[in-house]
Structure formats: structure tokens, C-alpha cells
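K.L.:
Sequence lines, in order, name chains A and B. Numbering that gives the first Met the number 0 puts the first residue of the first sequence at 0, with every later residue one more than the last. Numbering that gives the first Met the number 0 puts the first residue of the second sequence at 0, with every later residue one more than the last.
It is possible that part of the hints are untrue.
[Stated by the list, open to error] Some but not every residue of chain B turned toward chain A, in silico, with C-beta under 8 Å:
no., residue
1, Ser32
2, Gly196
3, Gly197
4, Arg198
5, Glu202
6, Pro203
These aren't lab readings, by the way, just hints derived from the structure by calculation. Quick reminder that beta carbons are idealized off the backbone N, C-alpha and C, glycines included.
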Amino acid sequence: MREVAIVGIGQTPVREHWDRSLKQLAVDSILSAMADAKVEKVDALYVGNMLSYELAGQENLGAVIADQAGLYDIEVSKIEAACASGAAALRAGIIAVAGGAQEVVVCCGVEKMTDFLTDTVSQGLATAADWEAETLHGVTFCGLNALLMQRYMYEYKVKHEDFAGFVVNAHQNGISNEMAMYRNPITFEQYNKAVEVTAPITLLDSCPICDGSASVVICPLERAKEFTDKPVKITGSSCAYERVAVAARKDILFFEGVYKSAQKAYQQAGRGPKDINIFEPHDAFTIITALSLEACGFAEKGKAVNLAREGKISLGGELPITTMGGLKSRGHPVGGTGIYQVIEVVQQLKGQAGKNQVKDCSVGMTQSIGGAGTVVVTHILEV
Amino acid sequence: MKQQIPVGIISYGCYIPRYRFKTSVLSEVWGESLGPIPELSIPGPDEDTITMAIEASSMALRKIGLDPKKIRAVWVGTESKPYAVKPSSTIVAEAIGATPDVSAADFEFACKAGTEAMQTAAAFVGSGMAEYALAIGMDTAQSKPGDTLEFTAGAGGAAFIFGKKEESIAWLEESYSYVTDTPDFFRRANLPFPEHGGRFTGEPAYFTHLLSAARKIMEITGLSAKDFDYAVFHQPNPKFPSLAGKMLGFKPEQIEPGLLSPYIGNTYAGSSLIGMAATLDVAKPGQRILMVSFGSGAGSDAFVFTVTDKIEALKGKTPPVKSYLNRRKEVNDYGLYAIFQKKIKRG
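Full structure from sequences and hints, please.
P.N.:
Laid out in C-alpha cells, this is it:
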């Protein structure tokens, strides 16, 4: 297996892009990543996306987007793993390069969600749950996460307001990220007064519906210097999953898939939770942040909210998370998110994170979760 | 867009039904959080766009004692036509005594149908085709039960008589229209309630069109926010017109006299017209008013009016908008509300 490096990054701002289509957004980030790596040709394109069929009437995305980007005569395909689609596309690229099947590969994540009303988007997102066991009965993703949060608060005697720190931190970090959708601070008071969506989840526990695309160019580490002075090594790449239906799990407050995915990535990188300098979790809802921190080994069960309370997750803390705003403030263009996370860690590792730069940052971890803790893709990046 | 003959508003009248409905009732009924407007004006069981348009037009005529036979055109802009096919305007024209030597038609352009009628009235007079033309924007705003729109849909509107500049209480310096095909809100044929595009109705629809029209007319006339005493914008809720005003450089006090949505809700095609009427109620000679509508579909009409000395003689002739706001009877029962709004009908 060859070692793999990231040599180019490109991203569109996360917005409600009323005037840009799915294809245009994807092409923007692909060409920008290729320009960053100074390459004019690549060997393959893997596109991570979840809802192009439901929300853009388009499948066969690999070919459609390669065509639009002018990347003829290359291998193409779309990778779908619900909200982890972008990260799964990167993993597909890594497998291809590491195994020697491809040399220079673009991994693109893209989602265009705002052409439809919330009901339609929610229905689309709910297809990531188990249709027979869950969706058929009317539960939405917000509903599933609300069940988890309610149970968490009950079991661990945690109050809703204890989750505020995650949101305050994410928005604070999003202010200086030009790519972020919501660049406004959120106060503890605003969090506590937020409108309820599905009890106990409020509007400010939840990430927004939005549009965006992000891409990275990867190649064998041994060739990385052809493209950049500062390659970022991918030392861990893993995908694991657990029972899709939440009710079928042994312990709904322990994300088994997150645990397995993190452990595999730690083993590959020869690292443990203590070695990770920054972590980009899948903070689609505050409860997911808490459960992810615990299953990854950054906090004991029921104690993740303490990390926020004690300031350990801020840029100057022991484990900075959502360093460029996370899903909450930067936004969660579903299939794009996994690549946005990786790009943000690349920026931190290369010292290019501007005002949000974390000091002495050499090992970073990203994690994308598809479904209610179901499919989990973890990456560890190093310089 | 300038007429060959200078024109202006020679009189105006307004109408708001007396019934008020607290939106907290909607929050309770539908289990939703509180909306942006505390209460809405709603039509009584025997009121509709036509009866309300007749009221407003009669007030406009009464204000200056104009012989209705001299009105050469009656145009009604509305989204809530009692007849799908058959003009509302003919009934209004007949009721005010303007028939039969008159043009009449209904205008449809969602919430800017009223200003479309105003612009056409100005053109009719401004081309010499008519001495006087009557433009009305009036609505009993429709909304799906439980929809976001139900929390803002109100009833009311205003009527403006256009004539030559010399007779006007506010002459028209300039007007301008800005239109694109933007489907942010619509009602399909044979369906009772409109559909809307959620957040799409904000930035790409309301703000893009309203701000573009406002900026363009300010550019054409060489005027900026400080050159105006008042600004009236289409008001689907209190937030949009306030924010639009701020983005254009207006101060809250320039907008406040014509901002009625916090008290009665969104009167759709009547919205910017009734705001204009309320502004004229307080305006003084020499003052300048910017008026910009917005209609879904989508577009904006912009007008620059300058108030003349003649406005003083009109004060107190008919009840001002404020008296309609103060004339109120609360109906805080969803069942009655649904009957008044014709959302349910006796079987």
C-alpha cells in the first residue's frame, strides 16, 4: 500500500446558492482544488453526494460533473454514504491511490439543497434511516436525534443548556471563516431562548440546510512534492457502521460505529485520542457532537459536555473542535461536508487557518457520520 | 418612466376592516411558535375585495367632491378576486357611479397588482387619454390553514385618483418597474390558497427586486435616502421593509408612518398602497416620498412623489388610516376566523 497525500484544496462558500446549480458548485470546487495543486489533468474523479436524485433530478454524478469540468477520459463515479458521502468519496480516492490503481485523483463533495422546501429536503434526508423500522412510521432525522438527546439528558442528568458550549464555540470560530454560512456569534442566552424544533432539540442545536461543494486533490506521497511544498499525509482512513435502526442498538448512548471507525483510524496512524491536536466532529446536532467525543475516546460516557464547559474545545484548549465553524456555523451541505472538514484540517496543519490557527498543530482528525450514528468515516491527517 | 403630461395623485382613500384576530390564537391552534405580527385585520363575513375597494374609492371621491362620471378608468389590483372570471372593477365602477363611459379591468401581479394599476393610471392621464383614472390595491389576503402565511395575512388597501400635476396633492416625479420570472409565490388555477417558496421568498425575491427597483429610481432621479422625507415599501411582515429601508440608507423614522404590517399584517396587493395613504395622511407640502412595491412572480414598481400645497385642504375630509386602525373589534376564535375568511363554509 502506498502512502497518500493531499496536494490541493478547493471550496465554495457555504450559502443558499440561489444562482448556482449542483454541477456549477461542484465544478467550482474541483477546478479550484486542481489550480491549488497546479494540475491540469487527473486520473479519476469521485463525487460524494447524497440527494442529487431527490433534489436535482440527477444521478450518474461522476460523469455529469466530470463532463462539465472538462475532465474527459478518466475514471468517474458517485459515492453515497448519506451525510458521510463526501468523506466516503475521499476514502474511495485513497483506496484507489494507495492500491496503485490511480495516480492523481480529485475527490469532490457536493450538495445542492435549497431548491426545495424544508419538507422535501427532510424527506430526502430521512432516506438515510431504516425505512421499514423508522422512516415509515414518520420519524425524521431531527426526531431520531431528539430521542438520543432526551435519553442522554435523562441518563446522565444533563440539562439542555449544558450543550450550549458546543454551539457558542462553533459560531465563534465561524466568524473568521469566509466560507462559513453563519458568521455571527451565538450567546449562551440566545441558545437557551432558541425556538424548539423537536423537543428537546432547538433551532440552535441544529445545522442549517445549505449548498456547497469542496474538493481535494490527492496523489501518492512519494510524488506529492511535484505539486506542493507542503503536502499533508493521510495516515488514517476508515469506515465502519453500526445497526441502522436506533432501536436495534444495544446502547443507544454509545455510538458503536464511531468507536470502531475511530479505533481503526487510530491503529492505522499509530495514534490515540491524546495525540490528536484538533478534531472536526460531525456536529449536525449538539447531541451528535457529545456522543462522538465520547465514542472517539476524548471524553468518558456522559462527560462530553464538560469539555465545552471547561473551555477545552476552544481554539486555545486541549482539543479544539469545529475550528472553522463546524456543521453548525460553516454549514452542512450534506455530501460536501466530509471534504470541507478535511480542507479545514489541512489549513490548520499547514498554518493557513488565519485568525483561527491552532498553535503546534501537526495531527488532526475528521469524522463524518451518515445516518443517526450509522456509517462513520474517519480520517487522520498529519504534517 | 416619465409621462408626456406631468401627473400626480389628486385624492386617495383607504379601507381596513374592523375585525382583528390575535395571531397567538394561531400559535395555540397549530402548535407553532409566535409569529412576527401580534394581530391581523380580517374581513367581516359580508366583506370582500370588491366591497372594500368601493369603500376606499368612495372616500377618495368624497375627499375632493369629484364627479365620478369624470373618472375614465377604474382598475382594481388584487389577489383575492371574488370572481375568477368577471371583473371586480366593473362592480366597483358601477357602485361609485363611474359607468358606463369608463375603462375597467382587474390587475394581477400578486402583491404589486395595486401599484401596476397606479402606474397604468398615471400613464392614461399622462398620455392625455383620460382626465382622471382610479387605481385601487385591495386584498383579503389568502393563506393555507396552518401555513406561515396565515400568521401574516391581513385585509385592507387603498385607492388613488390620478389627475394632472396642477390638481395634484402629490405629483409623480418618476416611476420605474423591475421584473424577472422568479416563482417565489403563486396560486395555481382552481386551487384556493397560494403556495410559497419558504426562504426563497426573501433574498432572491423580495430583496433582489425591491432593492433593485429602489436603487434604479434613485439613480435615475439622482436622489439618495436623505433627499426623501418618507419611504414606503411592500410589507409582508415588519422585518422585510425595515431591513430594506436600512439597506437603502433610510432611517426608521422615514419608514415608520407608512409601516402598517405590525398592526394589520400583510394586505398583499393593498400593502404598499395603504402604507402610502398613511404617509400622505401625515405628509406636508414639499415633502418627498419614495414608494416601492413588491409582487411575487416577481417584480417591483417604484415611484417618487412630491407633496404639493393642495394636500392641506384634504386633511380631515375623510377618516385617516389611523382611525381605521383604531376602529376595532376582536375575533379571537379560530372557528369564527375561519368562517370570516371563508376557509370553512356552511354545508
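K.L.:
Of the hints given before, which are not true for this structure?
P.N.:
Structure breaks no hint.
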